[in-house]
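Engineer: Spelled out from the first residue to the last, the chains are:
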Amino acid sequence: MTSPERARKIAIVGASAVGKSTVTVQFVEKHFVESYYPTIENQFSKPITHNGIEYTTEIIDTAGQDEFSIMSQKLLIGIHGYMLVYAVTSRASFEMIPIIRDKILNATGTDSLPMVIVGNKSDTDESHRQISTQEGQQLAQSLNIPFVETSAKTNSNIDKAFATLIAEIEHTTPTDDKSKCVIC
Amino acid sequence: MNDPKKSLEMIGKALQSQYEALSTRTKYKQSLDPNVEDAKRFCMSLRRSARDERILFHYNGHGVPRPTPSGEIWVFNRGYTQYIPVSVYDLQTWLGAPCIYAYDCHAAGHIVNNFNAFVEKRKENEKKNGPDPNGPPAEAYENCIQLAACRADEVLPMHPELPADLFTCCITSPIDIAVRWFVMQSPLLRGQFDNLSIPGKITDRRTPLGELNWIFTAITDTIAWSTLEGPLFKRLFRQDLVVAAMFRNFLLAVRIMRVHNCHPVSSPELPDTHNHPMWDAWDLAVDHCLVQLPMLQAASEPGGVPYTYKHSDFFEQQLTAFEVWLKYKSSDLDKPPEQLPVLLQVLLSQIHRLRALVLLSKYLDLGPKAVHLALSIGIFPYVLKLLQSPAPELKPVLVFIWARIMAVDHKAIKQELVKENGYAYFINILIPQDGPVVNAINVPEHLAMCAFVTALFCEGYKQGQRLCMGPDLFQACLTHTEELESPLLRQWATLCISQLWDGYPEAKWQALVKDKTALDRLSRLLNDPVPEVRTACIVALTTFLGDGETVNPNSPNINATAVTSGLTHGDIRQKELSFAISVLALTNDASSIVRREVVVFYSKFVKQYRSRFLVAAYSSLEEDVAILRSQTNIDDIRANSPAHGSIYTVVWRALLVLTEDPFPEVADYAQDVVDYVFQLLRKTPLSAEVEKLEQYLVQYSMSSLSVNLPELQNNSPNKATRVSSMGPSAVAGSGVGHGSHNGPTSESKFSQTLLKRSVSFANTLKQYAWGSGEEEQLQSQNQHPQHGRAGNGSASGSNTLWGGFGGSFVNSTGAGAGNLGNTRSAFPTVTTVAYGVGRRPRPVRYQTKDYTKKIVLPLASGFFEWSCEYFQEPQMCNTESDEPGSERYLERVWRKSRNEHIIAETQVQKEMAVYGGWSTHVGLLNNLTQPTKLEFAQFEPHLVGVDDRDGVTVWDWTESTKLNRFCNSNPVGTRITEAKFLNEDDVPLLLTGSSEGVVRIYRHYESVKNIELACSWRVLTDLLPAHRNSGLIAEWQQSRGALLVGGDVRVIRVWDAPRELCTSDIPARSGSPVTALTSDQVAGNIVVAGFGDGGIRVYDRRLGPRESLVKTWKRHKSWVVNVRMQRGGARELVSGSTDGQVYLWDIRLDEPVLSFQAHSNGMRAIDVHEHAPVIATGSQTVGIWSTNGNRVATVRPPSSGYSLGSKASQVSALSFHPHRMIMAVNNVQDAHIGVFNCTDDPSRKYGR
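The listed protein sequences correspond, in order, to chains H and S.
Counting in full-length UniProt numbering, the first sequence runs from 1 upward without gaps.
Counting in full-length UniProt numbering, the second sequence runs from 1 upward without gaps.
Hints were generated in silico from the structure; no laboratory data involved.
A hint or two may mislead.
[As the list claims (entries may be wrong)] Straight-line C-alpha distance at most 20 Å; calculated EDC-like pairs for lysine to aspartate or glutamate: (1) S:Lys-462 x S:Glu-416; (2) H:Lys-160 x H:Glu-170; (3) S:Lys-5 x S:Asp-38; (4) S:Lys-5 x H:Glu-41; (5) H:Lys-74 x S:Asp-3.
Pulled out of the complex, with its shape left as it was, chain S reads as follows (with noise of 0.2 Å):
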């Protein structure tokens, strides 16, 4: 070592290199062993330079003493004969903030907490006096970073083989120490390394020393990702490149300086970084490195035997470790991988980088979750980058990743993808290119995923949809739209068309002119089979329509594109019309949101043409009016309105019949435009009289209907304001829709009335739009209908009599029944709970409407966000339930194996049936109102009950407990004919179908919390008067997918399940109604309905609808009770009617196969077993027969213990359990059920 003064420079510029090789932008100064002046000056000075940006500061205090405890560091004064303290305070002063300092000295940690001390004095002073004028303000300090090479009480090592600075070799140079240190410690490893030199250059990543350097950064990279919290990680790792490299490296250095109890420290701290597993990763990395040094260095000399290097596996190996995570803890989101931080240290590698992105998109696959993780690491500038490569290979899986990113976090990232026409990219595949498709995997999927991005790249966005507009990619979308495979790629084409052109009218005039068939094109779609794709359209069609300003002709929106190519402002209104019908088709669909995406649809058109939709709402008001008045001059009125006969009042009276829908949100919605149309009627010159008309319809319905209904009369107040707010048709049965069911919001609703909201008043109007036909019904159906049950004649005088006894049944179930005892009832029922108690179930994610807040049309309609919603599930792995091992999957494992046994076991009761004995009581249960249907389930223990108002019972009969109970909102005056199991393999659904034509499906029945109702539709309209009704009929065939329904119409509909569409009507081609359905259940196509009148007839619908109707047959000569096709066992045919007979039938022939008298006194009920040979028959005993017409048992039903003397009841209801011998029995006019066992009786086997 030479000359000391030259040292001093060596020293100084070495430094200097060592950190330009962290960051070559900065501009480094050295003051080298300065004095106070000189210090002062140089720190200010470099302020100065610097402004705003942070200052490095690295302090080299090898030479002078520690710093002082109160902390003072030394520089020299202008002799160098002395030390001078200087304060830090004082260095802090000069250097500002933000700064990072790096303390190389002994006893550094004084500095730290003095530091950090006089930070906290700064505040406290500056709270007193205000902030400095000069200066920074005093948080400005907190943010600086400080490294320091050991605590305030520690010594640096002095170690002969260790360089004295080597927290400052850490910071600055790591790898070299790195393996130098390694070396140290190794035991085996001393001695042998002269020349520690690693070939290459650390910048490249393939030369060893590159990647060793490579290896590293994502080691502590790592480290840092997993033992740091997200914030600080993302301040101190993700921010700044040079504070990233020193935190990283001072990783390293808190290891190596430990060993030689040194513990450096840092502000802000870093938890303990040094036993993390990952050193040992890297520990290996060097070591085999070191094991090659003496090839490539002999390599290297002249003469030395060419050696290639072998790289290091650490990469695929933590690609490897991230598959296995990903296949066996990947449902363990909270704790995510460690080899996370290191997939983005891959990204940057060509050779892996396939790989890598692969197993991110998989890992993203995973859930919102796992997305905002892989963000927090910073994935996303490298996915960024990554949309300029050509490479086709990596097409599919960036597709996938974008779409999983934009599924949770689109409103940021929208404005990075402008950025290098990243949003290109997505484009570029939507429009078919020439040439071959790479990697197709599942081409449709990836083209959804593009239009899915490009969709929310446009959405709200109004720069995205000027970049995106081009004739090409709505045509390409367009194209699109008519994939037959793939429904999602149908889905999200028109999706992305409706955003395209959603409040940009010139992407739509673009759209008209280049091709005069695209709308009609995109029409198309509203008739496909999927119900999302139809609601896409719908959402595709409503943003098309105007917002209510373009009706204006002189308005600016109309541009040149459209002036010029032709488009009169008539032309495009024509096209809104023609949509507003085509959508008019759809208010009959099955699927709720289609139903309420109509409704949406209709919101915008109504307030486009709000001033058409007044008059409409007028006149309707107005002819409605005059109908009940009954005058005569109807006619004139309506060829008077203007409206008549109009698109306006066709979608006017539409609208009044979906605020009467089942479902409620599509109900809410329809009554929020339908109030705002009112409330605009109310502001028009025409209110005065509006009022009138209003005050007479309201005081009309209140009128007739305490004629009708009078039990209701004594009820609460609250209850009567309810009802009366129905109107007089709430009395018909008949399926017209009717009546408020909405809870006890409605009598808010009432009393707010006629000021606010006429709400109540749309429920009035609603009976008045069902189009002419239905109001000579109304008059008629005054008077209640007898129920069904009074068919015989016989019964009607005990009705009266029990009428009066029916009042003194205390029923207090459900809140506000009240008193209800009413001994002037004038219907003959036992139930006296009224309508409406009991819990409605809801349907999942419904939120009852907020009667406060202002109508805005349009309706805001939450299909896209829901849709997005699918990308932010996981689509790669199985679902939960065909996961094995998953819960749900054990479950249906359970499930599965335990309905077999069930088969098993009942398969050989069969042939007990017809011997055993009926009458083993296996449970009663008091259902405290009068079912008028039983349906056991096949597999659950359940048994439940529908009652003749509105109320669904559940049972567990095993246990003779009630589950639940529950109201199917049907409205007051209808009463609930049907109930079903659906699906019963899996969870069973239950259907409850009700008399106003309305099928309810509820999923969790069983559970008083969980229930929730899933879906409910309108499947008959038009139903017809009859003399008595048998309300709604439905049969559902599991195997197809189909519900079968009929009742007071002239055809049997035909509903399709997985598309929620109506297929066909089958004309029933009877002038009676359909009082029971039956069909085979295996393949479904023949259909056996029973009549009024008697008749019984076959269809088979593989044939058209004008030959569907293969048999007749017209034995029976009274009300068909019920028609029956066993499913397993003999297949037989069997049919009962009210006069007592019997018939087996065999469809090909014209005349029964067997028939008998089963009772003499009427009947009111017959089922058939499922698969035993047994036939039960309801009288005034229940008689249980063979199939051969012998009679096996009779079994006297249940006597409900308060039966009045001799009277006998008589049988209402009865049911067969599907699988057991099992049976369940109801007596008119009593609450209870009976449950009967077939037990085994040998002495009649032989005694026979």
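In isolation and in its complexed conformation, chain H is listed as follows (with noise of 0.2 Å):
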């Protein structure tokens, strides 16, 4: 039994077909899915630690997205922290980052969340590539946030990814902050 206050919702979002679920499974369950099935929904629970903290993590892989699409409530509500992924080979999923935490922001009506943005697909070569790690720092940087270079193929950098985004969690939120409301 895990404390309240070491429970953790994370959604993994972005446009589709940008390695999401991989990415997913590859943190999980330490394999790489070579096949694409795209995803309705998958739930999946994994503790991360940090700061010596554990934290049982539930991540939740949500369908590809577009612009038209509309958020379900499931993904707005309780989520304490936004993966945004998008590939480095496919511009339309790099512009559609912003687009995504916009809607995001609105829904819940915040003025940010914590999120990391997650570049996936790092390991293809730079024929392939649209978009350059600097372009994507850049997006990063305008926005605030944290900034990521993944390959789920490889398996770089996706600890790092999900690490970051729980740090950045811990320190948006203000924890053992002695008040009185006690809400997870």
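Can you join these two chains into the complex? Each is in its own frame, and there are hints to help.
Structural biologist: Structure representation (structure tokens):
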């Protein structure tokens, strides 16, 4: 039984076919899924340790979105942090990032939320890459969000991405506030 | 919208109920949001339970991603967290074949394309690795049907007013969506209709909804029929109810979804139908219904005003359109009317059924093509069902329809008639019932059609015969054969009887048992005036004859009925023999179909009694050889022969006669029979004897022939062999049948000779078959007779002189004439063209005999099939020549006006003839052979010359061109003595009479290509020998259709053309031959004949044969050259004899009215103009006389330019044009014909 303060929910969002499920599965099950089955919605659970504290994390793997799709309530209520994924091989997915962010912020009515931008498929060679690391970094900076480039295939930076997000969550959430209300 | 889980089930249930509306008998299973394993299990269990039947697979893909371009559709994983793709290949494998697929999702075209690609792959795999043992073969997959909502690159319409699964709606509930869509599209109706539910039930055609559905079915069916190819239409729209319904509705889907930028796809692909004009009719129907909808809805509410629904007149209008098509455009059968499928639908409804059937019958009347089209639409099951209907007004129409259908396709349909006793329908009509006959417009015709259908039903179908066997039917048919009014009914009732007992002995005994007089009544038909009925009767008698097996008394075929009825084997034999005797009378029938049928009858008879025929044949051979050897013990031989005097000998001789029949088909048939007997004879122990006899006969014929026909000796060997097979009597000109008139195949015959078939031998025999009386003549006729022209002694001197020069004429017409120059020619003739040169016109549909085929008896008679064709021809509409506006009709009208014009033109010229000059040359025609007779056609510009052998030449004298020259096929040694035109008001026919007593009638005689032998038969038998022969003289009475013939016989025979029978013989009461015949053309009662002894006799046909001679004049002292009664003008009767004397007669008086001596040197020709009062006489010059006896002019006959010296030529033939003042003259020993015109010469008119 973990204490309630240690439960976290994160949602992986992004355009379709960027590698959300692959990243998640790589993180949770430590293997790379070759085939592509469009996700409807998947939920994973994994403990992540950060600063010595173990957080039981529920990871919600969502269906790919476009600018018209409506975000379900499930993704807006009770989510601690969002991982915005794009693929460095697809400019469209990159351009979707700010849109999705806006969607989330509009829906939740907040100014900012813990997020991290992940540029997946970083293992592709330069000829196929459409977004440079710099560009990604620039976007992240402008939005004031941390940025990680990962590759689920080679399992590079996957753990780092999740750790960053958890860190971001801890950073923005007031911890040990000793306030009267305890809402998790 | 409530619980999402429930909604899934609701959608499933709704879909199932929609499909149930299409087909109630199917079992439905739903698979809602399945995962991969479930989907697989589901499909495979479906296939297991369906086995070989078709599975319908409906895929609703709303909510899952689109099918991929590589052909995958999406299902879920077990946790519903992912979409799992399923390849269509796997789907194919699970579901097997056959299947129908319906895909309602975006980009459905991907599935279709990949499906087809996978089928190709399967086929390739199969070729490489062999078939898959578990599943069906690859071809089966090709038969799967797919309907997809849109193309591969398209998205389904997202219109707010349209349902998301628009495609499914269209496929399963078309009426609803069609009405809804109609309202959407119409700019006027928006907002007016909240409630679009149309009252009524879909299945009830009387309610608005049902009617709308009915109209929809009719319209989509029509659209499909008119746009699709035949086989595709049949496969998709006519084989399976569900498939048909789905495809009909698919057409609607195509129309609706196109408007929303969506193109439904199907495999097999259909052509474009959305623009078909019939959709407008649909819109109209919907509109018609919607207009009344508010009133209907108001009426259904409580307290509402009642409203009766006005039914749509769609079907009436379609029927009217069909009627209009039938009236105006029915000749264009390639483009069938669109209304034909609607007709099919209309048959379902009671109200319009009769009208639809009448129209259908009119359509089927158009011909076999129409019948095939109608059958391809699927009329047949309906028409079959209707046979169960008791409605009397349908009877005549149904009978007609069935007659037309059976005429075209009876083999396939026969079995169908057995179901539910369909055939009984027709039998009940045939057997006269009590009660009034409704709609008896043409009862005998309908009875004939019923007989026709029954006959076809029994033909070659044992079960049919068994079912129809019943004494009532037989009796009924027998009664109908006595129906006086309708020859068609008589013919078909007889043919029906013949099919009832054909090859079915039980039926025969039944007939005999129940009614002893039955067969006698049947044989009475042998004397029927209509030739087809006579033929049908012979067919019936032929089928009655046994098959050569029932002769055996122990044969199991004779069953109990026969034995218990007291019918012994002998009785049956008696009957058969009596038939043989009665049929014998018909061997002289004028109609060739009757004669042919007689041969068929005898072929069966020969087969039946072949042992007896062998004896008969052998003994006749013996007799004939004995006669040739001039043996004295001929009587003994005859007495010794068992066959002498028996029916078999008589029949044998008749068959031999028939092998010489002038009509080629009959002769071929008879030859087959005779050869068959000889082949059998060869196989008997007597064959050695037979060979000896044959050798003798052949040698004899060869030698005697070469003596008498020397010019033929030098011919090519081919000709010689052919001619030599004819025998010595070929020489005799007097009407003894002989000689081969077959074409070049005869030499092959001869070469095969005595080893394989003795065809030529059969030919040789023919001559000897003519009763004993003829044989004596044969001996006396070894000398070639003098030609008629040489009657005057002075001519013979010139003959020999000319004979020498005759050879110098180089006539190279015709193949094989070769070197014909013979100085030693025995005949004084200018022609050196041999017999048989030139084309022999054949009858239509004649096929030359194949001598290599084995002879099978009994011979097949094609009469039944030929009669069946009658019902394939249009019967309701006028014939083409009566149809105003048709080509033939216009031709007729033109001809009529031309003829009238000619008559009008020439009537005024009559006067001129008397004083005008006749020496104006119009043309000089080189006939290349000496014509014995010249004949002008009345209205066509044709002049026909028949020569002294067998050639006929047709000239156009206005242009002096030769139109045609053909061979008359009369035997060697005979000559053509008569030429007449028949039916000159219409398309003229040419009749030629030759001295062996045969008349031949040609159609299209002026055309080299199209000439055909219409008819030919022997008009005179028993021609007498005489010192000088006149050959055959004929007179044609157009008004009565009677042909009078006389010649070297003691009677003047009258043949009736419509009946094709000899109606009477007028005894000539004179010892000398008839040399000229004429009659009054108007009523045709008075006949005048001139004789070789100078006598002229007048007969009245109205009196009986004994009293028919009413006047005899014996003024002429010598051979009467010609007697003529004018057709118009003063109706003078003129006669002239060879001594130059001309008399004019009045038949009321005994003395001539006028007489004058035209020439002193003998006269060879005399002719009177039909209208103008001029007589032309020919001697050394041509004299033109008026009927007052005054000489009007003298014309020098044309000199050929080859004439020698001072020897003046004699006129040999002379003829006036019937209307114009034109005359044709020909000289003895000259092949040139001069045509002279009478021109107006005013000086002579007054200077007389």
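Engineer: Look at each hint and say if it fits the structure.
Structural biologist: Do the hints match the structure? See the list:
Distance restraint check for Lys-462 of chain S and Glu-416 of chain S: the Cα-Cα separation of roughly 14 Å lies within the 20 Å cut-off, and the hinted pair is therefore satisfied. Taking the CA atoms of Lys-160 of chain H and Glu-170 of chain H, the gap is near 15 Å; set against the 20 Å cutoff, the hint holds. Proximity of Lys-5 of chain S to Asp-38 of chain S is assessed by CA-CA distance (about 18 Å); at most 20 Å being required, the pair is judged to hold. Taking the CA atoms of Lys-5 of chain S and Glu-41 of chain H, the gap is near 17 Å; set against the 20 Å cutoff, the hint holds.
Between Lys-74 of chain H and Asp-3 of chain S the CA atoms are separated by roughly 18 Å; this keeps the pair inside 20 Å, and the hint holds.
Consistency with the previously given hints is maintained throughout, with no hint failing.
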